[in-house]
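Respectively, the protein sequence lines represent chains Z and B. First residue of the first sequence? That's 1 in our numbering, and the numbers climb one at a time after it. First residue of the second sequence? That's 1 in our numbering, and the numbers climb one at a time after it.
These are calculated hints, taken from the structure and not from any lab test. Among the clues, some could well be false.
Stated by the list, open to error - Estimated spans, in silico, between C-beta atoms of each pair: (1) Z:Thr54 to B:Arg71: 46 to 52 Å; (2) B:Gly43 to Z:Glu72: 53 to 59 Å; (3) Z:Asp78 to B:Pro107: 46 to 52 Å.
For every residue, glycine included, the Cβ atom is placed at its ideal position computed from N, Cα and C.
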Amino acid sequence: MIEQDVVCPFCGCLCDDLEIETDGARIVRVKNGCSLAEATFMNDTRLPAPIRRTEAGWEEISYDEAISETAEILREADRPLLYGWSSTHGETQSIGVHIAELIGAVIDNTSTVCHGPSILAIQEVGHPGCTLGQVKNRADVIIYWGCNPVEAHPRHMSRYTTFATGFFVPEAQRERTVIVVDTRRTDTTNIADEFVQIEHGGDYAVLSALRAIVRGKAHVIPASVAGVAKEQLVRIAEICKNAKFGAIFFGLGLTMSRGKYKNVRNAIELTDELSRHTKFVISPLRGHGNVYGSNEVFTWMTGYPFAVDFARGIAFYNPGETTAVDILRRGECDAALIVASDPGANFPRAAAAHLAKIPTVVIDPHVNATTALSRIHIPCTAAGIDAAGTAYRMDGIPIRLKKVIDRGYPDDAEILRKIYDRLDGGMGP
Amino acid sequence: MRCILNTGRSVPQGTAVEHKLSDVYRSIASACFLNPVDLMILGIEDGDRVRVTTPAGYVILTARPAEGVARNECFVTIGPYANHIISSETQGTGMPDFKSQDADVEPTEEAVKSVGELMEAIGGVRP
Ligand code: SF4
């Protein structure tokens, strides 16, 4: 059978034009997707059943046993941490928030180690953004800052920017100017019309210099800023000011390097400055398929996008204190539930090590590095492959993920609902 | 040699990311990309091992040349190898310094550990 218009759940682009050929419960061919999409759909190996770690090694257990034991671990804990949520659908995320509220847990999602700082900056100065459709149809100047879409979001350029034909930019390759800012040369910088190579940690200074030039204060800028020649900065400022519609996309190069959210704030303020001359927008390139959704769901349920602490009975948010890495580094949590993510691989060693010291339960379709640190791993469906649900694209557009095949696994939402029921005696209507 | 440790995503890492305990993933995530000139200064070649040390610890990686990487920088794909030596300090933001850790890179004969061994080093047990 061939299913049309399938959504790829892997990265924040959520491309919704895939064609997938299935043969019963097996996917045999993926069309239109990039190589990441192909790997997502084709190399999907999972555990056959939940496993539990014992003195003697790992043993298989039933779903019922795994669920009761998880509920018991969470019930016993004084300061549980519920972490992950970005590679599953909104329905699961919302049950996660309900559990956190019920047991007074800290709930955090993976944006804490990707675009958390972008959110902090947006909370300070706002977000002049737009949908990817607007960018595709209107933008004639595109800036990729501190990101490498060729590697991390392989179809971003062909669907929305550099190579995408737009309503007002019919000849994309000729009409769009692409500027890439990075500390190293990458496959993305090779496609750029202008490659701005800055010294490590120089983003803030270069953004400030551009703001000054756009303001008409080029005379105060020295001959070179963080390794970038003044002439190039002046040239880029001119390109931006003369754009009909400019779009800046930024990545972890801004959020993870020195300055973190202040870098992003400066980039937003540059966008603001440019909007006094023409129309400019800015947006983060979100990584995981539904990481934006975890921010949306957390926000509409608790008022905060990540790092929400329910220990006081109300939602409390203080990044740096209630963020997962900090809670683990301080050795503060005494149990952890990890859903649809892999902090064992993605967190600094000292933070990951704490997961092995406490009872940690993983609910994830795939065995990952965190599995080795856990007590129980419960395999489940993968959203967008064998489970349907809502995900949010990187520009905030909700898209319905499809169920393409049935492999007989329970949905993670169903597993969490059962855990909730055991903790509370029923979730109600 | 003093370097700045930078991390990031790549397509090979993305395609193997759901198979973290595989050999393919090991070779991708444990590659340490250095400017060819730096490789020369270290007196090593493509495929030789380096010991990368930060205040948080050290890890053994496989050196790979990459023209695009600046001098005195080492690029490691995001994942358990890089994280083995990244400090968990977040300066009140929740975000560790994934892209700006000072590191010391030196040649070594030691072998590269598997992801499973790295997890065992912090108290894990391989499934
Ligand atoms: S660009 Fe992202 S969403 Fe689109 S097919 Fe590739 S991995 Fe999937």
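Each hint, compared with the structure:
1. Z:Thr54 to B:Arg71: 46 to 52 Å: With Cβ atoms ~51 Å apart, the hint holds.
2. B:Gly43 to Z:Glu72: 53 to 59 Å: holds (57 Å)
3. Z:Asp78 to B:Pro107: 46 to 52 Å: holds (48 Å)
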